[in-house]
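2 protein chains.
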Amino acid sequence: MKRTNRDRRRFLKQGAAVAGLVATPQALELAGGSAAAAAQTVVDHNALESVLYGKRSRFVTTTREVEGRSHSEQTLIRPHPHRPSARTPLAELTGTITPTPLHFTTQHHYGIPDINPDEHTLRVEGLVDRPLVFTMDELRRLPFVSRVYFLECVGNRPNPRAETVTGTHGRMGCSEWTGVPLSVLLDEVGLRDAASWIVAEAADGGKHTKSIPLGKALDDVLVAYGQNGEPVRPDHGYPLRLVVPGFEGIYNVKWLKRIKVVDQPYLSFQEHSRFLTPNPKTQRDAYDFGPNSVITQPSGGQELQAHGAHVISGLAWSGSGAVRKVEVSTDGGATYREAELAGPVLPKAHTRFYLPWRWNGEEAVLQSRCLDERDQLQPTEAEYARYWNLTRGQLYGTVQSQLGHCNWIQPWKVGRDGKVTNGLEPVDVVVDVHA
Amino acid sequence: MKRTNRDRRRFLKQGAAVAGLVATPQALELAGGSAAAAAQTVVDHNALESVLYGKRSRFVTTTREVEGRSHSEQTLIRPHPHRPSARTPLAELTGTITPTPLHFTTQHHYGIPDINPDEHTLRVEGLVDRPLVFTMDELRRLPFVSRVYFLECVGNRPNPRAETVTGTHGRMGCSEWTGVPLSVLLDEVGLRDAASWIVAEAADGGKHTKSIPLGKALDDVLVAYGQNGEPVRPDHGYPLRLVVPGFEGIYNVKWLKRIKVVDQPYLSFQEHSRFLTPNPKTQRDAYDFGPNSVITQPSGGQELQAHGAHVISGLAWSGSGAVRKVEVSTDGGATYREAELAGPVLPKAHTRFYLPWRWNGEEAVLQSRCLDERDQLQPTEAEYARYWNLTRGQLYGTVQSQLGHCNWIQPWKVGRDGKVTNGLEPVDVVVDVHA
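Order-wise, the sequence lines are chains A and B.
Sequential numbering of the first sequence, starting at 1, is according to the working numbering.
Sequential numbering of the second sequence, starting at 1001, is according to the working numbering.
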């Protein structure tokens, strides 16, 4: 555990580069002081830049998982190699708050804009009595709320048979969002009688836009400037984004610059070119995600090191409200036991659950299911396919074409060697339903 | 808002240093791809290291405020210049979760240890039936909870007349903590009849130790390995710390390595040399913090830029449980109005409140008070002094000697010029009660 002076110097040097610091006499005094204590087990966390802005342990190296480096997962949304997306490393996380630097970020179709908040405005116009333009300062002088909500990409499950939980479910995260309820802004501008939808537009190169029904806009939608206590980061929409609780990620427009009140949904470029599936079989009948859950520990790619006491842990969530109950099976769904909920249960937020489990060294199939406050129960893969009247081959062909809301139960298989693999059976023939 | 190519190159270079990356062909491909898009308003957030681990906007430069560089604030705890403490920049934060890199960290009396989690253990022994040693892996296989709790230094208010809210209240933060309830571990080892206290010991150079009554240890104390979704960071106790909800910060032993069950409180070095005040007038009659609140926006050092609509916002908390109500006064306490609570109200957690307020350009004194679920009302400074039978001069002399729990109301004065200053009157004669 002890570090040599040479190691220390290397770390300090790197540390100084991090903050872009020139070594001022003050900084040197601090660094020198720590060096004197190097005989103890003290590292560079005393260096000035680490005191100003804390760092992780050198033993913690978890990162997001970059997408777009290969096309082995075929989806209609082909990641642009120069504008990569990244998944949340779910198996490495504790609790329910996703650390902001590890929160998934979907591909940015036109790159991440570099916005000066002093120059950024939000225009609210359309079928309103008084169109208004808000500066960031003006938005911060309005009533606000702070709420914990999950955010999930509609294409969160492009490959249900991926090896790890980051591969199967990594396009989601959960944050404390702070911002102005959209209803406050719409009240300021005054809605006209014909108003029935809003169109939200981003400041990115492609002007990403999305239509949202007025009822939802007046319900719990936020114009958010804060995420987990700090300003929303650039890859999450700095300085302003929509948060549309429980709805698909694409509704949560980043870099928000305009809200237009209209009398019908607009079919934007993103929608008609990439996100709408014309096949009525796969047409979605709701915007909010259904009940869902997944075991993150143990999960695919991990290995149980010992027989005996373990804890099965995971996340449950529902776009329809709060989680009522989570059940866990260790025998592939033959029997279920109710899991403990490890923290506060908040609506449309990740809910952490766990179940103590004794592994006897035999094969086991671990899976969880969520019951939400509307009494919606998370389905099995077979139930899901039956609902949509699809064969399994068709289902998997459809998944890859962005069916979305693929909330069926995820089993993880524990082998006798302790290795954990995806418990969903291979698909013999994937049938492209659009072919 | 556009960046030049030269700016881009500088940023990318610095970015590569941050992650300590050697420019591999893969990384170069990514960086080159972004450079091609520089004609758009795209910055280095597409660079590989930013995708792996997200970054803040270049317009967001908030840091912790380093203490220990001057001795202008005289306290019994003299910060070691080479082991600086740092305060949370409260005025810059939104919501209730403190971003981990900005969460206050008190002085580390013996530096921050560099602990390899694979070698770290927690020993639980003393008046128990089966002393046990837990590895980190074993702890992670036990039942756990995730809870949002504030953490506050007993010396949070060394200078109630500081200029800014970071100066008056910056030694506190609020996080989602994940870990094993201490009661689970104590149940594993089996308590003997004489057990009535525990002593928690740290792995730092000075073996910081603290005694905690058994009733509290069995109630809501956590042995925490997770903070805001990621492993607890080194300056917060990596890989393991105690979280003792509502109690003074010093109870929340970092780098936890040993818990000894005993039959009486131990008077540790830290306690008898630095933290106990022998004067019975200032003896504390409870361990948990009382009801408290402070306005963070607008607060000292800020300046109102315009007349008209503003929102007064701040944090309320109580070591005794949940916040029941927060009231805000804009006339120095003559009248109060009930504030809105902006998010979920969780026990022993920061609670964000706000009150819309129209500034007419006249002088105003803004202050908040908290009523907690035990019906304890936050006192004024005068009420606090009266309770302890101290003159104001004595009170301020005592504050500087670590009275602790200085939860009286904090007024901020808004001048006609919009400038916000500390509304507590100057103290004519500070009387050192220990003199």
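Calculated directly from the structure, the hints in this document are not laboratory data.
Virtual Cβ for every residue (Gly too), placed ideally from N, Cα, C.
Be careful, since some hints might not be right.
What the hints assert, rightly or not - Restricting the straight-line Cα-Cα distance to at most 25 Å, the calculated cross-link-like pairs of lysine-lysine (BS3-like) are: (1) K1260(B) with K1207(B); (2) K55(A) with K1055(B); (3) K1207(B) with K55(A); (4) K257(A) with K1055(B); (5) K207(A) with K1055(B); (6) K1216(B) with K1257(B); (7) K1257(B) with K55(A).
Said to hold, decoys possible - Simulated DEER-style distance windows between Cβ atoms: (8) G415(A) with T1121(B): 25 to 35 Å; (9) G215(A) with A1334(B): 39 to 49 Å; (10) D1331(B) with T135(A): 22 to 32 Å; (11) D1118(B) with N159(A): 53 to 63 Å; (12) G215(A) with E1340(B): 16 to 26 Å; (13) E1125(B) with E373(A): 43 to 53 Å; (14) D1417(B) with Q264(A): 44 to 54 Å; (15) E119(A) with G1308(B): 17 to 27 Å; (16) E1363(B) with E373(A): 30 to 40 Å.
Structure-based check of each hint:
For the proposed pair K1260(B) and K1207(B), the alpha carbon gap of about 13 Å is at most 25 Å, so the pair holds. A hinted pair counts as satisfied when its Cα atoms are at most 25 Å apart, and K55(A) with K1055(B) qualifies at roughly 13 Å. Taking the CA atoms of K1207(B) and K55(A), the gap is about 23 Å. The hint holds against a cut of 25 Å. A distance of roughly 22 Å separates the Cα atoms of K257(A) and K1055(B); the hinted pair therefore holds under the 25 Å criterion.
Proximity of K207(A) to K1055(B) is assessed by CA-CA distance (about 23 Å); at most 25 Å being required, the pair is judged to hold. With a CA separation close to 19 Å, the supplied pair K1216(B) and K1257(B) stays within the 25 Å bound. Simply put, K1257(B) and K55(A) have alpha-carbon atoms about 22 Å apart, close enough for the 25 Å limit, and the pair holds. Distance hint check for G415(A) and T1121(B): the Cβ-Cβ separation is about 29 Å, which falls inside the suggested range of 25 to 35 Å.
Checked against the hint of 39 to 49 Å, the pair G215(A) and A1334(B) passes, with Cβ atoms roughly 43 Å apart. Taking 22 to 32 Å as the suggested C-beta distance range, the pair D1331(B) and T135(A) conforms, at roughly 29 Å. The supplied range of 53 to 63 Å is broken by D1118(B) and N159(A), whose beta-carbon atoms lie about 32 Å from each other. For G215(A) and E1340(B), the Cβ-Cβ distance of about 23 Å falls inside the hinted range of 16 to 26 Å, so the restraint holds.
A hinted range of 43 to 53 Å holds for the C-beta pair E1125(B) and E373(A), which are about 45 Å apart. For D1417(B) and Q264(A), the Cβ-Cβ distance of about 50 Å falls inside the hinted range of 44 to 54 Å, so the restraint holds. Between E119(A) and G1308(B), the C-beta spacing of about 22 Å keeps the proposed range 17 to 27 Å intact. The beta-carbon spacing between E1363(B) and E373(A), approximately 49 Å, falls outside the hinted interval of 30 to 40 Å.
In this structure, the earlier hints numbered 11, 16 are contradicted, and the remaining ones agree with it.
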